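Chemist: Sequence:
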Amino acid sequence: MMAKGTASLGEVYELMLGRYGPQHWWPADSWFEMMVGAVLTQSAAWTNVEKAIGNLKSVGKLSPEAIRTTPQDELAALVYPSGYYNAKARKLKALAEYLGTTWEDDIDAMAGADLAPLRVELLAVHGVGEETVDDILLYALDKPVFVIDAYTRRLVDRLGLAPGEDRYSAYQALFIERLEPDAEVYGEYHALIVRHAKEACRKTAPLCNGCVLREVCATGRGGEFAPGRTS
DNA sequence: GCCCAGGTGGGTA
DNA sequence: TACCCACATGGG
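All you need for this note's numbering is the position in the first sequence, starting with 1, plus 1323.
Please note that a few of the clues may not be correct.
Said to hold, decoys possible - Restraint ranges, calculated between C-beta atoms of paired labels, are given here:
#, residue 1, residue 2, range
1, Val1382, Asp1431, 21 to 29 Å
2, Gly1377, Gly1435, 38 to 46 Å
3, Ala1432, Asp1505, 21 to 29 Å
4, Ala1432, Pro1486, 17 to 25 Å
5, Arg1537, Gly1406, 48 to 56 Å
6, Ser1492, Ala1400, 20 to 28 Å
7, Ala1473, Ile1499, 28 to 36 Å
8, Trp1369, Asp1396, 36 to 44 Å
9, Ser1492, Asp1396, 35 to 43 Å
In short, the hints are calculated from the structure, not lab data. Computed from a predicted model, the values in this text were never measured in an experiment. We put the beta carbon where it would ideally sit given N, CA and C, even for glycine.
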């Protein structure tokens, strides 16, 4: 039996994989749908994102070219269910413009680019921040980068592994320093964290109710890190 | 009515 | 750099 707070991130992965099985992310029918989902899911419930993507699909607008040529107001109406619809319509246009201008919508050419400069370039696109860029690099381009989201930070904190700095890169370093670079594993790991957060370790859930990580979790109440908590 | 949901950009000190 | 706020819908 492991003591609380001492599980390695590799063990945590195995525990979740054993409990939930492979998640086969990202849920999308194309690389562009994946990227659109990454933008629309920003601070939004996935069920609302599905509605917005469904709207785009239903009118044949789920392509870079269609996003570029469709008026922003019209896009905003289509992505309305995902919230922040005006802001997100602008973001989608910025992303589609970048894809066309820089890559001629060629995902294979993009995937062949050097990782570090590509990440910097994508971060310069309006609406693409650190989590979104890593979603895209990992799930659309199969690059071995680890995605950090609110669920991941919460899990790391509850495991008693919080880094000294509360920065995206600090959380990301925890994973890339302890796991072999593997896009397949990284993709499953992130998906499992989301699954686990939704299913067992919700932000306001009772203490790790039904949580497969209960025995290695340092806390579990209100999303606050409580070192030394023993029940 | 309140909190939460697979964040990001822009402004200010 | 470090806050603070706008952006907004839908479900529990």
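Chemist: Look at each hint and say if it fits the structure.
Modeler: Status of each hint after checking the structure:
1. Val1382 x Asp1431: 21 to 29 Å: 27 Å, holds
2. Gly1377 x Gly1435: 38 to 46 Å: 32 Å, violated
3. Ala1432 x Asp1505: 21 to 29 Å: 24 Å, holds
4. Ala1432 x Pro1486: 17 to 25 Å: Given range 17 to 25 Å: violated, Cβ gap about 35 Å.
5. Arg1537 x Gly1406: 48 to 56 Å: At roughly 33 Å between Cβ atoms, Gly1406 and Arg1537 fall outside 48 to 56 Å, so the hint is violated.
6. Ser1492 x Ala1400: 20 to 28 Å: With a Cβ separation near 37 Å, Ser1492 and Ala1400 fall outside 20 to 28 Å, so the hint is violated.
7. Ala1473 x Ile1499: 28 to 36 Å: 19 Å, violated
8. Trp1369 x Asp1396: 36 to 44 Å: 25 Å, violated
9. Ser1492 x Asp1396: 35 to 43 Å: About 37 Å separates the Cβ atoms of Ser1492 and Asp1396, which means 35 to 43 Å holds.
Checked against the numbered hints given earlier, the structure breaks hints 2, 4, 5, 6, 7, 8 and satisfies all the rest.
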